[in-house]
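Student: Per our numbering, residue 1 is the first one in the sequence shown, and the count goes up by one each step.
No wet-lab data here; the hints were simulated from the structure. Be aware that one or more of the hints could be misleading.
[Unchecked claim] In silico lysine-lysine, DSSO-like type, Cα no more than 27 Å apart, as pairs:
1) Lys-219 x Lys-300
2) Lys-575 x Lys-602
3) Lys-323 x Lys-337
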Amino acid sequence: MKYYFSWVNEESVFSVETHLHEDEKIFSLQIIEEEGSVPHARITLENFKGKKEGIDLFEANERSYCFISVETTSGEVSLLFRGRLVNCPTRLSGELITLDFIALSKTREENYDLLLKNLKKAPTWDELFLPFSQRENPSIEDLLASQNALPYWDRTSHNVALSNLIEGRHQGDIGGRYYRDSLNLSLKRSPLEEIEVHLHAKWIQRFEGSTKLDRLLQKDLPEGVIQTYSGFDLEKQWWRADQHFQPHGYRVAETSLISFPKLERIDGFWVSPDDPLFQKKRTKGRLETKDPQKVRFKCKAYRPSLKLAWRYVQPRHEEVVFKLKHDCQKLAYKPSKRKVLNLTVYDLVAGEQLAHWGPDLYYKREERIDHHGNIYQARRSHRSSAQFQDDVEEWETLGSSKNYPLLQHRGTFFKTDRGRKVVEQALDRAKAYLCSGSRCIDISFICSLEEALKWSCDHSITMTDERLPGGKAKGKIKQLTFEVIGETGRMRAYVTLGCCVGTGAETLVEAADDNEGYGMTGVLEERLPSQYTKTQGGVFYRYGSMDGVERGILYPAFLGAADLLREVSVSHDAKEQGEILRANQYPNSHNILEKFKGYGTKVQLRLEDLRGRRLEKTTLSLDILNPWSAPKQINLGDH
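Put together the whole structure using the sequences plus the hints.
Tutor: What follows is the structure, encoded as structure tokens:
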């Protein structure tokens, strides 16, 4: 085998006629691929800085990229690597210099950006698992949280794709064609036997409405009216339109207090001639007698009418709990592990977490507001104008605001269509954890470079060796290193495989009895009981029991007057006021109104508090139809 190194620019296309030559004398070469990382190459060559006729490599644009190719003994030519020079030398020792190249280019950047864009639209991603401020630019780790995959960068074309953790898109079979003494098997960790997930959602349940209270107000009143000798006090105390009630959450939408004289005859009350009530008349000469007189005070009747607008606000904490088991091979010398995973969904009612725009207010730089269904971010600190359109240049549009759930009064978020999507995402995330934990055995070996020329971290390799458990194993390449030592001419490939310890068994479901425990793997979908739902990742589930209230403390969609109005009390009505006047008439008192002043008629309402002062928690369990299992890529035997 012979390898070649040629300097190229970013637009160069590999050609056998053009690039099968050595631009530099290479003393050693490494090409390294690792799962989820960009491939890179490391070469050691003669230090060109010492040459008088040499070109300054770090200043010459035509020497910013390289092709590394190889010609096999059969004459087949393969491009091994294409990459961009990292400007700083990795090592400089005497007349030798070590340079690093990385498989990056405009093609790679464009492909990677396209991959991120597609992942954001994929059903396997849900933005609610990130706070509102982070949803615009989620990381690749966030986007792949529910998938058994990592990004894969091709070391020659720089294309970017997703590569499954368990099974690569390409297959290879090494058989036993590797250096026998290089075989190494190690258990990196115990597999996860079970994962317990607690999915949390905290949100504010809100609902607005209006209710007329007339019937309840008039129900316990004589003839449905309020009778009083102090109509002025009652009219002054009666609620005005748009007035707010205590407790907070109520506002007067419509109000009226219609008065009319009481028709039935009312006996008068004896008033002393020295009563201040007569002083004005005596001064004007209209009262000459000094005898007590009977006076009839005017009694009025009022028909009350009141309509309240209300807003229901209830803090909610919902939790979904489930356990997903992993059907894996047992390790006799190292116990399996269990994991508890806590997940949280954020800003279910995103628009209500933000302030609304207002005139003549001070806004800080990067502060966000919700205005007419859109989210805006301040470009700089400023004071707002009288109208929003005058401040358009001060704000950057981030997109439309979203409110979850769309019908907030329905009660339980996780039982809405939007909530189900979140639950299924959590199930697939749990499966991804089990998948990652199942690949717990590493097998490494060294083979000739020619044997592994076509391999990459998107390959699954099958190998045969009587020293392996079961005599055979299959795994996906986790790390691949091509090494060439120029002084000795040695060319080798160092390979590390990740192997799963699942059982990989397939069993049909024979019955769909609700009480059965389906401890089975690989259930066929056509035999699936109808009450179960399948996630994107292939987990079958259904909703189980619920602890706590489903709709909140109240169910606001059907709130009526009787739910809101707990008590109506009318104090000091005409009957009670008449007793006070009677007790203070002549000869008991020479000032009949002296004690009457503190007994004006008042109406008081005791309303249901809709503020939801305590956090209402609801816990919902899930039933999982069957445990998940990774493939059986190595047989550890029965223990």
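Student: If you check each hint against the structure, which ones fail?
Tutor: none
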